[in-house]
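Engineer: As a plain string of letters, each chain reads:
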Amino acid sequence: DTAVSQTPKYLVTQMGNDKSIKCEQNLGHDTMYWYKQDSKKFLKIMFSYNNKELIINETVPNRFSPKSPDKAHLNLHINSLELGDSAVYFCASTNTGLSNTIYFGEGSWLTVV
Amino acid sequence: GQSLEQPSEVTAVEGAIVQINCTYQTSGFYGLSWYQQHDGGAPTFLSYNGLDGLEETGRFSSFLSRSDSYGYLLLQELQMKDSASYFCALHNRLAFGKGNQVVVIP
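Residue numbers (this note's numbering), protein chains in the order written: chain A, 1 to 113; chain P, 1001 to 1106.
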């Protein structure tokens, strides 16, 4: 069973389009994250949700909007895609205070052309 | 703010020992974690240090000195499958280091 699953795994799209990446975790965790990893492998946090509430919102363009319908899901919607948005986006989850471990999804490889 | 510094790349032969260092700056400290990431894969948890000292998990060990804001990951008896990037991360999960690429050669 996949603990943290995200779809799609690969996405190629044109500049200006709007796209979404979905994430679900079946671990019963209360906190979920979105990370962006660029071509230099720098892993940077974008958002963090705890029990559906936004708790971390790093300096990310307004074109990126996370949505958490319940604590098992955290989706990422991106408007007006730009070339610089090309990266791997990782969803992750953990149980705050109960675990030292973040569990990552397999990543979504976004290429904007 | 928070930041972590790691050197970028190291090449070593099978059976060797590699130490990956991490220095950090943070206003609140809750521990240092280490993650492994193979090319094309997701980061996976390796080790955590909340207190000073050495934590051993099989061939991998991690060390922390809070007074020096410094930690390291020690990879022993290197195997080809250990070729990957290794990240240190502040336990509050906000900040990861830039990662250290380890290449193991025969």
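Treat each hint with caution, since some may be false.
Pairs of lysine-lysine residues, derived as DSS-like cross-links and limited to a Cα-Cα distance of at most 30 angstroms, are as follows [claimed, not checked]:
{"#": "1", "chain 1": "A", "residue 1": "Lys52", "chain 2": "P", "residue 2": "Lys1081"}
{"#": "2", "chain 1": "P", "residue 1": "Lys1098", "chain 2": "A", "residue 2": "Lys40"}
{"#": "3", "chain 1": "A", "residue 1": "Lys9", "chain 2": "P", "residue 2": "Lys1098"}
{"#": "4", "chain 1": "A", "residue 1": "Lys36", "chain 2": "A", "residue 2": "Lys19"}
One side only, chain A facing chain P, incomplete, derived with CB under 8 angstroms [to be verified]:
{"#": "5", "residue": "Thr59"}
{"#": "6", "residue": "Val60"}
{"#": "7", "residue": "Phe64"}
{"#": "8", "residue": "Phe90"}
Which bits of chain A does chain P cover? Going by a derived footprint, with three or more residues having C-beta under 8 angstroms, they are [as the list claims (entries may be wrong)]:
{"#": "9", "stretch": "43–51"}
{"#": "10", "stretch": "102–113"}
Quick caveat, the hints were computed from the structure, so don't treat them as lab data. All C-beta atoms in this analysis are idealised placements derived from N, C-alpha and C, irrespective of residue type, glycine included.
Engineer: For each hint, tell me whether it holds in the structure or not.
Structural biologist: Hints and how they fare:
{"no.": "1", "hint": "A:Lys52 with P:Lys1081", "verdict": "violated (38 angstroms)"}
{"no.": "2", "hint": "P:Lys1098 with A:Lys40", "verdict": "holds (8 angstroms)"}
{"no.": "3", "hint": "A:Lys9 with P:Lys1098", "verdict": "holds (23 angstroms)"}
{"no.": "4", "hint": "A:Lys36 with A:Lys19", "verdict": "holds (15 angstroms)"}
{"no.": "5", "hint": "Thr59", "verdict": "violated (11 angstroms)"}
{"no.": "6", "hint": "Val60", "verdict": "violated (13 angstroms)"}
{"no.": "7", "hint": "Phe64", "verdict": "violated (17 angstroms)"}
{"no.": "8", "hint": "Phe90", "verdict": "holds (6 angstroms)"}
{"no.": "9", "hint": "43–51", "verdict": "holds (count 4)"}
{"no.": "10", "hint": "102–113", "verdict": "holds (count 6)"}
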